[in-house]
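Whole structure, please, built from the sequences with the hints as guidance.
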Amino acid sequence: MKSALGLLVAAISIGAMLSCTSSSGGATGVWIATEGDQQVRAFNINLSSGSVSQVGSARATGAQPSAIALTPDGKTLFVVNSTDNDISVYDVNSDGSLGSPSGTTPTLSQGPSGCSTNCLAYGENPVALAIDPAGKFLYVAEQGVPGSVSSPGGISVFSISGNTLSASGPDCPANFSLTKCPFLVTDPVTGVSTGPSAVLASPTGNFLYLANQFSNTVASFAYDPSSGALSPLGTPITAGTNPSALAFSRCAGITQGTAVCPAADGDNLFVANSGSNNVSVFSACIQTSTCPAADGRLVQVTTSPFAAGLSPSALFVDPVVNFVYAVNSKGNNVTQFRLSSATGVLTALTPAAVNAGQNPVGGGITSDGTYAVVSNNNGSSMSIYSIGPGGKLAPGSTASVALPGQP
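Quick note: the sequence shown uses the numbering used here, first residue 13, plus one each step.
Since the hints were made in silico from the structure, they are not lab data.
No more than 20 Å apart at the CA atoms, straight line, and that leaves these computed lysine to any residue pairs for SDA-like:
(1) K342 / T253
(2) K404 / V366
(3) K404 / R350
(4) K87 / S112
(5) K87 / S173
(6) K342 / A319
(7) K148 / S243
(8) K192 / G123
(9) K148 / P237
(10) K192 / T176
(11) K192 / P182
From a predicted model like this one, the values you see are computed outputs, not experimental measurements.
See the structure below:
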């Protein structure tokens, strides 16, 4: 089970159950959803002392919250609930605390009405979220039912207006329970789900990437900046075994709306492969300053993949310096790498890994690059690290915070 976690400093969405961004008073907000008690909580990290404190009251989610996403302006938080097949929406206050849920939006569309056999279910089992850099669209990756042609995988598209979501995907077939359906993601031969497990928009906009754990691939899409509509870009590219998380290299200095990252930062897409215990790195053709065509295509870098720990399930990237971190759910640790932006090569730091809690499943980093947070599912806790000048993680002054439910 992934963990939904978030840090409040630059509206960075992290992992499945974690999200971060910066609030007032030199503090960073962290939001974490816990599946054991079906709640989402807000915390602040003091950027001077590293102390951690809960802010406001816990808020109810749906059944099995599996992913979290924060709008770029830091004002709205979304939590997707896998069992309930819907999305909970929360207003974020100036101190990072959450308002009461402002409603839920369904992802599941069933039909046709009155069917008793061969009934279809589109948008079932949502597991991951992504928001485009402009904050206009929420993308929801749905896994469907493994091996079933009646419940395929998909990506739902919602337009964002404050705390309101409006479905803007393809039209559903006649007599379905919803009028808008996901963009279906299926095996071209069998018609069953490819196992969407993570979804991510490029930092420059225009492109969306989807990890598929059943087919061991990453699919690329262009999206319409006015409607959010998806167009597949060629054939999905092979990753490692069971790709379960995606992250882009840092885009330092990006200005909202310019859709340009400094060329020196590189355009690298990282893929955590939990079944093969490594991280694949792809060069992404997403901007003309580094790639003349800017067509979204992926090319695996030389010597990729790179060894991680046991079952990497989440990734986070330092936004200030080129460091990359893989959260290893079965290794109970975090692998730390230095990235060469020129080549895309990852080199392990010394030590190669630092300890986390039991079954870490999500992670995030503050936008100033001073603290990192990892959520531990079996440990019912979050680990807090300070980040040294060489990118090395060390336990923070508050090294661990207990959580009432499993993140």
